Structures are given as structure tokens and as C-alpha cells.
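Enquirer: Read top to bottom, the protein sequences are chains A and B.
Heads up, the first sequence is in our numbering, so the first residue is 1 and it goes up one at a time.
Heads up, the second sequence is in our numbering, so the first residue is 1 and it goes up one at a time.
Mixed in with the good hints there might be a few duds.
Claimed, not checked - One side of the interface only, derived from the structure: several residues of chain B facing chain A at Cβ under 10 Å: (1) L42; (2) M44; (3) S172; (4) D209; (5) S213; (6) P214; (7) V285; (8) T370; (9) V373; (10) L408; (11) P450; (12) M519; (13) E627; (14) E643.
Stated by the list, open to error - Distance ranges between label pairs, derived from CB positions: (15) B:R593 to A:K100: 20 to 26 Å; (16) A:P161 to B:R378: 39 to 45 Å; (17) A:K100 to B:Q152: 31 to 37 Å; (18) B:R378 to A:P114: 31 to 37 Å; (19) B:P268 to A:T112: 36 to 42 Å; (20) B:Y539 to A:R176: 28 to 34 Å; (21) A:T112 to B:E643: 18 to 24 Å; (22) B:P391 to A:G91: 17 to 23 Å; (23) A:T112 to B:E663: 27 to 33 Å; (24) A:T110 to B:Q630: 25 to 31 Å.
What the hints contain is simulated information worked out from the structure, not anything from laboratory work.
Here the structure is a predicted model, which means the values were calculated and not measured.
Note that CB positions come from ideal geometry on N, CA and C, so glycine has one too.
Spelled out, the chains give:
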Amino acid sequence: MKQGMNILLVGVGGQGTILASKILSHVALAQGFDVKMSEIHGMAQRGGSVVTQVRIAEKVYGPIIEPGEADVLVAFEKLEAYRWAHMLKPGGTLIINDQKIEPLPVLIGTATYPETIFDDIQQRVEKVTIVPALEIATGLGNAKASNVVLMGVLAASMDIPRQCWDEALEAKVPARFLELNQKAFQAGYDYISCS
Amino acid sequence: MMTRVLWIDVEIKLDIDCPSERSMERILLMSLTTETPSSRQLLMGNEAIAWGAIEAGVRVVAAYPGTPSTEVTEHIIQHAADYGIYAEWSVNEKVALETAIAASWAGARAMACMKQVGLNVASDPLMTLAYLGTKGGLVLVVADDPGPHSSQTEQDTRLFARFAKLPVLDPSTPAEAREMTKLAFELSESLKVPVILRPTTRTAHVCQDVEFSPPPRPAIPLPPLHFERDPNWAILPTLSAKKHRWLNACQKDMGRWFVEKGLNRVVPGCSDADTVSVGIVTGGVSYNYVQEALANLGVSLPVYKVGGPTPLPAEDVLDYLQGKQAVLIVEEQEPVIEEQLTVAAFHRGMQIPFFGKLSGHLPREGEFNTNTVQAALRRYFAEVLPELSLPEVPAAQAGLTDIPAPPLRTPILCAGCPHRNSFYAFKQALKRQDALFTGDIGCYTLGVMPPLRAADTIVCMGASVAMAAGFDRVEPDRPHIAFLGDSTFFHSGIPPLINAVYNQARMTLVVLDNRTTAMTGHQPHPGLGWKGKQEPAPYIDIAAIAQACGVEWIRTVDPYDLPSMISAAKEAVEYPGVSVIIARRDCISIAKRQIPHQIDHAACRRCGLCIRQFGCPALFEAPLTEEERQEGRKSGAVRIAREKCFGCGACAQVCPWDAISPEVQR
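All chains, full assembly: derive it from the sequences and hints.
Expert: Quick look at the structure:
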């Protein structure tokens with residue numbers, strides 16, 4: 001990876017966006033970049049829309065990514081891809097987890113979940129990868145590892161040596177979940193080439 | 001020791017110089033810190049503050065959790081034993097600060113940590129502490145939350161500090177937060193005043209790569225200290241008058257110290273240009289946005305960076321402004337720097353135009369970002385340097401801005417959350433009585449959301465109790481129910497409970513006892529029997545406290561048992577006095593998941609009660625199938641998202657058709 005990157009991870013509180021962004025930041029750090037990662041804790045963790053920003057460059061000042069500035073947007077949930085798509089820069093990459101989590105207004109019937117998300121996005125964004133990360137992680141035995149599946153997909157799209165990612169996983173994932181997460185990462189990493 | 005001092009200077013410079021010089025700084029930094037092996041690590045701002053305090057030799061740390069400040073104390077507790085630190089989760093911020101004051105007066109370096117509204121609670125001791133001063137360095141970490149992201153106000157701690165006449169250090173980055181923590185102890189000891197370190201969310205919760213290695217561990221136990229008696233530690237009106245004069249006299253010294261230590265300084269631009277004729281003054285996290293916006297605009301000029309905003313050493317800033325055409329002041333939250341500077345400029349007779357919040361160039365509410373600051377800079381340059389050509393604003397990406405706004409995704413109570421059951425039970429029990437529910441601060445604040453709508457008022461920690469009693473004074477015919485959590489009960493729920501009993505109010509208090517401080521990440525409290533690192537502690541029983549407060553009607557109920565909860569609710573409200581229900585059930589984040597539930601689709605009549613009245617996020621309505629549509633069905637099948645279902649069984653009790661039951665385990 002030669003230039004800096006702005007990577008936005010969006011999802012629903014509890015999906016593991018923070019762990020994913022820690023792995024990513026660890027990798028960027030090992031590459032010798034200046035890193036700033038910004039997250040919002042607190043109330044949003046209870047099933048709200050969450051966004052974590054990772055800025056990697058020779059020198060990073062502000063911790064926040066502005067609309068139209070994200071090189072990569074990783075959406076851990078479909079509706080969140082929709083919500084945050086405007087953050088993507090022209091020619092940017094969008095990775096979407098094919099998972100639907102209905103927000104409260106939809107659950108209680110006061111709003112509807114849009115059914116045309118993938119079509120709308122694919123019409124507007126050139127580089128879109130849709131990943132059944134939940135399905136893959138569930139197949140590996142733990143639905144919670146879908147965040148690391150998505151990191152695998154992200155890794156395959158970035159020009160960073162694979163070894164750096166493996167080291168970051170070892171550093172950031174608790175030992176008892178490491179093997180599962182290594183498998184999840186590999187499945188994500190192989191996803192594009194297999195599909 | 002010498003290397004450490006040099007190292008501080010270099011570390012601070014890291015953030016101020018031109019990008020091209022940065023790698024050289026890093027090499028220099030590496031060579032200076034070879035004495036102990038160090039490595040670049042990703043440190044969260046709060047973690048950096050924790051390490052700064054440990055490096056400074058803090059001995060006592062007391063705090064009450066609150067976003068975005070919590071992780072400072074969490075990190076210190078993790079390392080406390082290694083460094084001989086006493087660290088505690090106190091019952092509230094007032095107690096935390098008073099604990100730190102005692103430690104300081106005995107000569108220890110001490111720290112109290114809280115969020116900005118926590119300082120409201122701790123303000124009573126703080127105001128007197130400002131007069132009496134410190135012995136060992138005393139630092140208050142008070143995290144501000146512009147936005148706000150997870151607070152009830154956007155209050156600016158720098159203004160609070162002005163009220164108390166205390167110095168504030170305002171870091172821009174995690175690396176700077178760590179250095180400023182160490183400097184804050186130094187300042188506190190050199191001037192004998194408490195010092196407020198004020199990170200904002202985008203410093204406290206930002207992770208940055210920092211050159212860092214844990215400091216060497218001291219020999220433990222550390223030697224005990226001894227408090228020396230002195231009449232100057234006991235406030236009386238005569239002493240107060242004398243100390244007030246002393247505190248006022250200190251103000252200039254505080255400002256001078258900021259300048260001497262390079263916290264308030266001119267950051268040079270990369271090259272000389274005509275733009276040096278305009279000034280920019282900024283501080284805190286806004287400094288980053290200014291530098292980034294300037295880089296985006298291709299402008300480089302000297303910027304005055306304020307690390308110590310109160311009391312502002314304004315003379316030094318005015319020296320920087322001498323000969324400039326105008327100044328733009330960029331600061332989040334209140335115009336604290338701007339107002340102090342405006343007064344000082346008036347006294348010096350300086351007549352240049354001031355731009356900032358007061359001129360309407362920057363908003364007075366909400367969080368800044370690079371775009372906000374860049375827009376203000378464009379306007380400023382256009383007004384002051386019309387000949388300066390700036391790059392065009394890049395057009396928004398076509399197509400992506402016209403995506404229709406998706407349904408909101410606000411935070412909600414988790415599937416299986418016992419609070420939902422308590423709220424639902426009370427709603428059911430009192431559905432014909434138009435009962436008023438006073439809410440409080442914690443996860444259960446989310447009870448305000450539909451479909452439960454079980455919080456009619458929310459003010460601050462502990463307010464639910466006194467407000468329920470207060471409403472009873474003016475609308476005695478209506479039931480008043482206060483809901484607050486276990487940790488909040490200990491924080492500030494006890495005095496208003498005593499008040500309600502003593503003044504003979506009629507109300508019901510529901511303590512939502514989920515056996516943790518859930519919202520801030522599961523810190524312990526006195527009702528658990530353990531402390532910060534899970535070491536055993538005395539268990540303080542909420543029911544026993546209520547009884548000792550004079551409450552005569554007390555029940556402890558399991559909110560997973562809805563019928564019992566509903567009948568207890570009815571009974572409590574009938575009681576002509578103060579009644580207390582302790583709704584006790586572990587938070588799902590700390591409890592073992594139970595058997596997920598399933599729906600018997602033959603029995604389910606698709607009434608939707610479980611979804612639309614109970615509102616558990618694990619329940620949803622599947623889209624109508626073609627077959628169902630032909631059958632003339634109006635609503636889709638009700639389903640349970642297995643991965644979300646906690647197995648609390650409440651929906652099975654809510655369902656009038658007995659259509660929900662635990663999955664059969666093989």
C-alpha cells in the first residue's frame with residue numbers, strides 16, 4: 001500500500017466493527033503509517049447505527065472522514081451501506097455483508113426496509129462486493145465471526161502483505177477465538193477469487 | 001531523567017511541524033528513547049491518559065464511569081497492582097473527587113475521572129478545592145462530548161473551569177493527552193491548584209499510533225504518606241476571603257506556565273507567504289481540523305495553538321496577532337478562547353476584526369469536522385484576503401447523495417433485556433390508569449423509545465426518584481413510577497428516596513437491578529459484592545437500604561416472570577406511600593444465554609402483539625408469501641431471529657395464544 005487510505009466501517013451496534021477496525025489499524029501501524037481511528041461508544045452499542053473511521057496516511061490530522069472521502073466502505077449490514085454510501089469517494093470500493101437487521105421502526109411496522117438496496121448501489125458504485133459473511137461465519141460455527149470474514153475480504157482488496165494481517169489477528173483476537181477467526185479471515189480472503 | 005524531559009518536547013513537536021520533517025522527528029525520537037525499549041502502539045486517548053498518569057506516578061485514582069471518560073480508569077485498574085496505585089470505582093463523581101482531594105492533601109498524586117455532567121455532581125467539592133488548593137498533584141480528567149454523542153448536554157468544561165478559576169489543559173490528540181496528563185500533575189504541584197484535563201470525544205475515543213513503552217515498575221508497597229495538620233485545610237469565611245485573593249493572584253501564573261511549557265505557542269507554517277498577515281487561533285481537537293483544512297486549501301500560515309485555554313494567557317496571543325489584519329478563532333463548544341481574547345484585545349486597544357463563533361463564522365452547537373472548519377476558512381480568506389485563490393470545492397459524487405434516507409436505526413434495548421420486561425409489566429398493569437413514568441440515566445433511558453414509551457421524563461442521574469415524588473405534589477390522583485438502575489441508585493437515588501419517605505410522598509420506585517453498570521461497559525458497584533478487578537468486596541443490599549430509608553413496602557421480583565412482575569406493579573401502585581420494587585435479573589451481556597424460543601405457526605394468529613407492543617428485536621414479521629397473499633392474509637408470519645434470541649421467555653408470556661415456547665433441545 002503506497003498511499004494513505006480512509007476506511008469507514010459501518011454496521012449495527014454489537015456486530016464487532018470496533019474489533020475489525022482495531023485489526024485494520026494494527027495492520028496499518030505495522031506498515032509504518034500514521035493511524036487515527038475514531039469510534040463512538042456508549043449508547044449506540046445497543047443496536048444503533050455505528051460507524052468507525054480509520055484514517056491511514058503519512059500524516060493524519062483530523063480523526064474524522066468527510067462525505068465523499070472514503071476509499072473503502074465496509075458495511076456490516078445492508079441498510080447501513082445505504083445510509084453511509086454518500087461517504088464513498090468516486091471510484092471507491094464498497095464491501096457489503098449480505099445481512100439484514102431490521103431497525104426498530106421496521107420491526108414495529110412504522111417503516112419499511114428498502115428492498116432495492118443492492119440494485120440502487122450497484123447502479124451507482126462500480127466496485128461493489130457483496131459477501132454472505134453471516135452465512136460463512138455461521139458455517140464455520142460462530143455467527144459472531146462475520147466481522148472477521150469481512151476483514152478477510154477487505155484484506156484481499158488491499159495491497160498489504162498477508163503476514164501483517166495474520167499478525168494483527170493474533171495480536172487482537174483473544175486466544176480462545178483465534179482459530180475460528182483465522183478460518184473466518186481465510187474464508188473472506190478467498191471469497192473474491194472463489195466467486 | 002534528562003532524556004525524559006527532552007522526549008516530552010519532541011513528542012509534542014510531532015504534531016506541530018510540517019509533514020516532511022516528521023520522519024526526522026521520529027528518528028530523533030527513537031534515538032532519545034533507546035534507554036528503555038519502546039514501540040509504536042495504537043493507544044486510545046483514554047488509554048494514553050491512563051499511561052500518562054501512571055508515568056507521572058499517580059497513587060490514587062477514583063472515578064464514576066461515563067462515556068467518553070470510562071476507559072481512563074478501566075486501564076488504570078488493569079495496571080494498578082503493578083504500580084502500587086489505589087484505583088476505585090466510586091459511587092459518584094463527588095465522592096470520587098473528595099477521595100482524590102484527601103490523597104492529594106496527604107501528599108500523593110491523585111486523579112478523579114468523570115464525564116462532563118459528572119463534574120456537575122462533583123462541583124461542590126471542586127469550588128472549595130479551588131480555594132484550598134492541593135499538595136500532591138491533583139488532576140481531574142473531565143471528558144466533554146460535543147455532538148453530543150452520548151450525553152444529556154453539550155456543556156463545555158472550560159467554562160466550568162473559568163467559573164472555578166482553575167487551569168484546563170486541552171489535548172488535540174491521544175499522544176498529546178498523555179503528555180498533558182504528566183504536565184497537569186507538574187502544574188498542579190507547582191502552583192498548588194487542581195488541574196482539569198479536558199479531552200473531547202474525538203481525543204478520548206480516538207486511537208493513534210504513539211511511541212510508547214510501559215514505565216518501569218516501582219518497589220511495592222510504596223511508602224505510606226502522612227497528612228500534616230494545618231488550619232489552611234479547613235475552609236472558614238475568613239480563610240475563604242484570603243484564599244480567594246490567592247486564587248485570583250494565581251491566574252496570571254497559570255497562563256504564564258502554559259506559555260513557558262509550550263502548550264500555548266505559535267506553530268509555524270511550512271513556508272513564508274502573504275497569508276502570514278492573517279491570524280488563526282485554535283485549540284483542542286479543532287487544531288487538527290484547522291491543519292487539515294489548510295492543507296486541503298493549499299495554504300500554509302503560522303497558527304496559534306492553545307493547549308491551555310483557561311485562564312488564557314491572552315497577551316501572548318495578542319503578540320502573535322500584532323500586525324495581522326484579522327483573526328479567526330476556531331474552537332468547539334463555547335467561545336471560551338474568543339471571549340477572553342476579545343476582552344484582552346479591547347484593553348490593549350487592538351482594533352483588528354475578530355471572526356469566530358460570535359461573528360457567526362462557526363457554529364456554537366455540535367461537533368466540528370474538517371468540512372465545517374474549511375468552510376469557515378474559505379469565508380474568512382474571501383473576506384480578508386480576496387486576492388488569494390483557493391481550489392474549487394470538489395463536487396459531491398453524483399448518484400450517491402440522492403439515495404433516499406433509510407429508516408432510522410436508533411439504539412434499542414437488547415433482545416432479552418430484563419428492563420423491557422419491567423417496563424412492559426408496568427405498562428400492562430397500569431394501562432387504564434394513565435400512570436406517569438419518570439426515567440433516568442442508563443441503558444433503561446432507551447425505554448423512552450416506541451413501542452414501550454416507558455419514560456415520560458429524563459433529566460439526570462437520580463432525578464427520576466425526586467421527580468416522581470414532585471409530580472405527586474401537584475397531580476396526586478395519578479400513579480407516579482420512577483425507574484432507575486442499580487448503579488444509579490447508589491450514585492444518587494438514595495437521598496431522594498429518603499426525602500420521599502420523610503415528606504410522605506406517594507410513589508413507586510422500580511430499581512432495575514441488572515447487577516452491573518451496563519451502559520458504560522459493566523463496571524461494578526456496591527450492590528454486587530466485588531470490585532474493579534473482580535476482587536471480593538462487601539455486598540450492600542438495595543432492599544436493606546430501602547428498608548433503612550423507611551420504605552415499608554418492598555418486593556424483589558424477577559422481571560423474567562411477567563405475571564409476578566405485573567401483579568407486583570399493581571400492588572405497589574395501590575400502596576398509599578412510597579413503595580419499592582427491585583426488578584432483579586442479570587444483564588444479558590453478563591448472563592448465560594438460555595434456550596432460544598420458537599413459534600408454533602399453527603397456533604400463532606399473527607396478532608403482532610409480541611412485535612408491536614413488546615418490541616423485542618429478535619421478533620419480526622416475515623414478508624407475505626405469494627401463497628399467503630392468495631389466501632387473503634394481511635400479515636406475514638411472525639418469526640424469531642434465532643441468533644438474536646436470548647431465551648428470556650418473555651414473548652412466550654406475552655403471547656395470548658400460547659404460540660411461543662423454548663426450542664426442544666436434542
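Enquirer: All the hints need checking, so say for each whether the structure fits it.
Expert: Here's how the hints hold up against the structure:
1. L42: 5 Å, holds
2. M44: Given a least distance of 8 Å, the restraint on M44 (chain B) holds.
3. S172: 9 Å, holds
4. D209: 5 Å, holds
5. S213: 15 Å, violated
6. P214: 16 Å, violated
7. V285: Holds, about 8 Å.
8. T370: At 5 Å from the nearest chain A Cβ, T370 (chain B) passes the 10 Å test, so the hint holds.
9. V373: Interface hint status for V373 (chain B): holds (9 Å vs cutoff 10 Å).
10. L408: Nearest chain A Cβ about 6 Å off; hint holds.
11. P450: 6 Å, holds
12. M519: Since chain A brings a Cβ to about 7 Å from M519 (chain B), closer than 10 Å, the hint holds.
13. E627: 19 Å, violated
14. E643: 5 Å, holds
15. B:R593 to A:K100: 20 to 26 Å: Roughly 22 Å apart at Cβ, these two residues keep to the hinted range, so it holds.
16. A:P161 to B:R378: 39 to 45 Å: Check passed, 41 Å falls within 39 to 45 Å.
17. A:K100 to B:Q152: 31 to 37 Å: Roughly 33 Å apart at Cβ, these two residues keep to the hinted range, so it holds.
18. B:R378 to A:P114: 31 to 37 Å: 36 Å, holds
19. B:P268 to A:T112: 36 to 42 Å: 56 Å, violated
20. B:Y539 to A:R176: 28 to 34 Å: 30 Å, holds
21. A:T112 to B:E643: 18 to 24 Å: 23 Å, holds
22. B:P391 to A:G91: 17 to 23 Å: Once the Cβ atoms are compared, 19 Å apart, the range 17 to 23 Å for G91 (chain A) and P391 (chain B) holds.
23. A:T112 to B:E663: 27 to 33 Å: About 29 Å separates the Cβ atoms of T112 (chain A) and E663 (chain B), which means 27 to 33 Å holds.
24. A:T110 to B:Q630: 25 to 31 Å: 27 Å, holds
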